[in-house]
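The chain contents come next:
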Amino acid sequence: MKPFIEKCAEKGFLFSAILSASITILILSFMIFFSFPIFKGGDIAAFFTLGWNPYEGKFGILPMMAGTGIIASLALFIATPFGIGCSALISVFSKGSSGRFLRKVVEFMTGIPTVIYGFVAIFLLVPFIREIFEKGTGMCVLSASIMLALLILPTIVLFLSDAFNSVPRSYIDAADSLGATPAQKLVYVIIPYAWKGIISGLVLAAGRAVGDTLIALMIAGNALQIPTGLDDAARTLTSHIALIIASDYESPEFKSIFLCGLILFTFTTLIVLIMRSLGYFKILGKR
Amino acid sequence: MNRFIQYSITFFAWISGIILIGAIGVLLIFLLFKGVSSLNSFLIFGETRPLDALLFRKDVLDGLFPAIIGTILLITASIVWAIPIGVASGIYLAEYCNLRWKPFFSFMLDLLAGIPSILVGLFGFTLSIFLHRHLSEHIYPCFLISSMALACLVLPYIIRTTEQALVNLPFSVKTTGLALGASRLQNILFILIPYNLSRIISGIILAIGRCAEDTAVIMLTGVVAMAGIPHSLLAKYEALPFYIFYISSDYNSQEELMKGFGACIILLAVCAVFFTLANILKRKAEIRFATRT
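In the order they appear, the protein sequences are chains A and B. Reminder that position 219 of the first sequence reads as 219 in the UniProt record's numbering, one-by-one numbering, no gaps. Reminder that position 80 of the second sequence reads as 80 in the UniProt record's numbering, one-by-one numbering, no gaps.
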């Protein structure tokens, strides 16, 4: 091929790469640009207060931060033991057909649209939770956390079972030849070796739990309050953004969603940095 | 270790596996059980005759047809944006990029892959405001903006799979063409890409699946509940996932709810097909490597 075409192609490839990288920068600069008036106005502290009442000029996003924190950590709390159990089953206890079947099911779960989880939860889980608490609508922190746990389980299980499988063959053979049972292998050989992988999987799952919009939006109730119990409705940062799309671009109400966006962006950056410090690059998780 | 503790660990692993499969089984069976009765041509075409609708002679008012067409058009448009940029960036990262810049690009892509999709939607929304103010009064959140935002969302998938597909090639494959006198570009276009094409395509199909299911991005960038088939790039449109979301919060009758279940099944089937296809191609690529290297 002519050197000219070679040069053009190389420039084209370079241009595409720069374009892709600049999307991230562009997203960040839009967030900063639109929330900049808040920083300049000096009333930044007012946004981190409790109250949200547009009619009184209160735009505190603390309830949303609390909602995100509580729902995401509860989901992680529910999903972690199951995730470790399932990945142990896949990589240690049942390397035969049932383990393979479980892995197939978990892989398939990553392909199920989030909106379907939410839709089914409304008609299956929410009435059930309503019966248990015997009050409210059933759209509460607990419902959202359970569903979110189911949503992040594939991330945890796939990541962890890969981490468990990465233990060198010789370690496993050594344990086997010493007569270790599968449970002993798991506790004394595999988990100590793969702890970095376990932490990374959980960090990645935390990122997903915080970043998910649909589950919380559909079944957490979206109330503007700091939830005090499992049966309280709550609103997350992500669903707050989805709910407030005001037409008046200059209103503080509208600016607050960019502050939410900035917080979510910072959190994502933190997750990526932690993953990198643990030695995991090229992360591709479903959001 | 105490034998009892060992048994409990094993028992717990099995129980968590069973609960997971049980939960997902209940979810799917409930969906099928509820929705299968509503799966018929009325669900898709409503009162309109299917042929008229398919030839776009009449508008479908009470069926899922506009939402299905909207989703198909949206996927097509986003992929048209994302494939050239994604594949070209992947090639650059795998073959041209020097070690000084690679960490930067890699970090930016990891960030883009990790950003919550609602932020990508918010980005699309602000982009439309920006364009509305500075370019043209006619630009509002619309089909065009949605497809661009969705392309941003799936770009990391395409870039990463392309890059991986090229980087992980055996050394002999990478160098044979060059040794025979092929130029760098020829080597990439005629040897490396064809050699691992199925891996690249599996990444693209996975990206298509993501486009089909995403709700958060389109919710902020112009999808509406009732719009019919979009007639221009600047028009509002309907899409299946948003229809499901809308029905879940705003259904008036049992009949509408049933349509929601029907839409769920259609969307699930579509995503399952894409997902299976992507996996088959990925496996094919893996098997090929296992035998050739």
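Just to be clear, a hint being listed does not mean it is correct.
No farther apart than 27 Å at their CA atoms in a straight line, the calculated lysine-lysine pairs in the BS3-like style are these [to be verified]:
1) A:104 <-> B:58
2) A:7 <-> B:102
3) A:104 <-> B:174
4) B:102 <-> B:236
5) A:11 <-> B:102
6) A:95 <-> B:284
7) B:102 <-> B:58
8) A:104 <-> B:102
9) B:284 <-> B:58
10) A:40 <-> A:255
11) B:236 <-> A:255
12) B:174 <-> B:284
By construction, these hints were calculated from the structure, which means they are not laboratory data.
Non-conforming hints, listed in increasing numerical order: Those not satisfied are hints 1, 3, 4, 7, 8 and 9.
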